[in-house]
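*Asks:* Note that the protein sequences, when read in sequence, are chains A and B. In this text, residue positions in the first sequence follow the numbering used here: the first is 1, and each later residue adds one. In this text, residue positions in the second sequence follow the numbering used here: the first is 1, and each later residue adds one.
Worth flagging that the hints you see were computed from the coordinates, not collected in a lab. Check the hints yourself; a few may be wrong.
It does not matter which identical chain is meant; a pair holds if it fits inside one copy or across any two.
[As the list claims (entries may be wrong)] Subject to a maximum C-alpha distance of 30 angstroms in a straight line, what follows is the list of computed DSS-like cross-link-like pairs (lysine-lysine): (1) 109 - 128; (2) 128 - 101; (3) 93 - 15.
So the chains spell out like this:
Number of protein chains: 2
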Amino acid sequence: MNIGQAAERSGLPAKTIRYYEEIDLIHPSRAANGYRDYGDQDLHRLCFLQRSRSLGFTIEECRTLLSLYDDEQRASADVKQIAKMKIDLIEKKIKELNSLKSTLSVLVKNCHGDDRPDCPILDDLAGKRSVETI
Amino acid sequence: MNIGQAAERSGLPAKTIRYYEEIDLIHPSRAANGYRDYGDQDLHRLCFLQRSRSLGFTIEECRTLLSLYDDEQRASADVKQIAKMKIDLIEKKIKELNSLKSTLSVLVKNCHGDDRPDCPILDDLAGKRSVETI
DNA sequence: TATAAACCTTACAGTAATGGGAAGGTCAAC
DNA sequence: GTTGACCTTCCCATTACTGTAAGGTTTATA
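Can you make the complete structure from the sequences, with help from the hints?
*Replies:* Spelled out as structure tokens, the structure:
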């Protein structure tokens with residue numbers, strides 16, 4: 001199938017699919033007219049990539065996961081470890097965002113938010129700690 | 001003061017400070033030898049940038065916040081709105097990450113994680129929905 | 001048959017917000 | 001006087017794409 005159909009079926013933009021080829025994640029064959037030609041195996045790989053990217057794995061992690069997927073001798077522990085590491089990173093990011101949110105929420109709560117010019121948010125950003133922001 | 005000291009006092013790398021100048025967020029004067037020379041006002045702006053960046057505002061948001069900060073006639077509501085929008089974005093991101101985490105956790109839980117090759121994580125990525133992943 | 005639209009191709013540039021490193025000028029200390 | 005710690009500009013790399021230009025191919029329609 002052409003790239004357009006591969007895009008539609010995998011849920012990835014054609015542009016992204018070409019990019020994945022450029023960085024050696026996929027190697028479709030070419031039709032006589034020079035068009036890329038995707039087989040079922042290729043489509044499968046694209047779907048794998050779409051799913052793993054959407055789960056937050058980086059391109060390089062996807063590359064590793066794909067190679068593990070290709071390797072019939074892999075140990076499931078290897079895959080599990082990558083996924084666990086990812087969970088840890090996600091947890092860390094969530095904590096960071098929660099902390100940011102708390103700080104911003106305190107600032108917003110303390111800002112009267114009308115047309116007067118005095119603003120605790122700007123005061124805080126400027127280093128005037130008028131409010132306890134956790 | 002030189003860029004090194006401005007960096008130390010603001011908590012921003014010198015490289016970043018030069019970048020902020022390049023994109024017109026700050027305009028330090030120059031000493032006779034060509035070195036950048038930061039005054040108290042400049043340092044203040046750098047600290048403002050450091051704080052607002054660390055709170056998750058993008059550079060362009062920082063630019064807006066700085067211009068509001070400079071504007072004696074601003075309405076605090078304008079600032080509040082930007083901060084609120086940021087909170088919404090942060091909340092959305094947190095939800096996304098929680099969802100990712102749940103999915104990955106289910107996959108990890110279902111993977112025996114030993115040296116056998118069968119792996120529910122890879123199966124899921126490959127589109128074989130063997131597990132309910134929310 | 002002509003032509004227009006809908007595909008496809010490559011190649012180059014841009015994004016956000018820095019980080020790294022080269023090549024070279026300046027300054028303070030010993 | 002020379003070493004080492006600064007500073008300068010300039011260009012390239014990062015992540016994972018996205019946009020655009022210039023052009024070739026295929027398909028549908030007038």
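*Asks:* Does each hint hold? Answer for all of them.
*Replies:* Checked hints:
| no. | hint | verdict |
| --- | --- | --- |
| 1 | 109 - 128 | within (17 angstroms within a copy, 47 angstroms between copies) |
| 2 | 128 - 101 | within (19 angstroms within a copy, 37 angstroms between copies) |
| 3 | 93 - 15 | both (29 angstroms within a copy, 25 angstroms between copies) |
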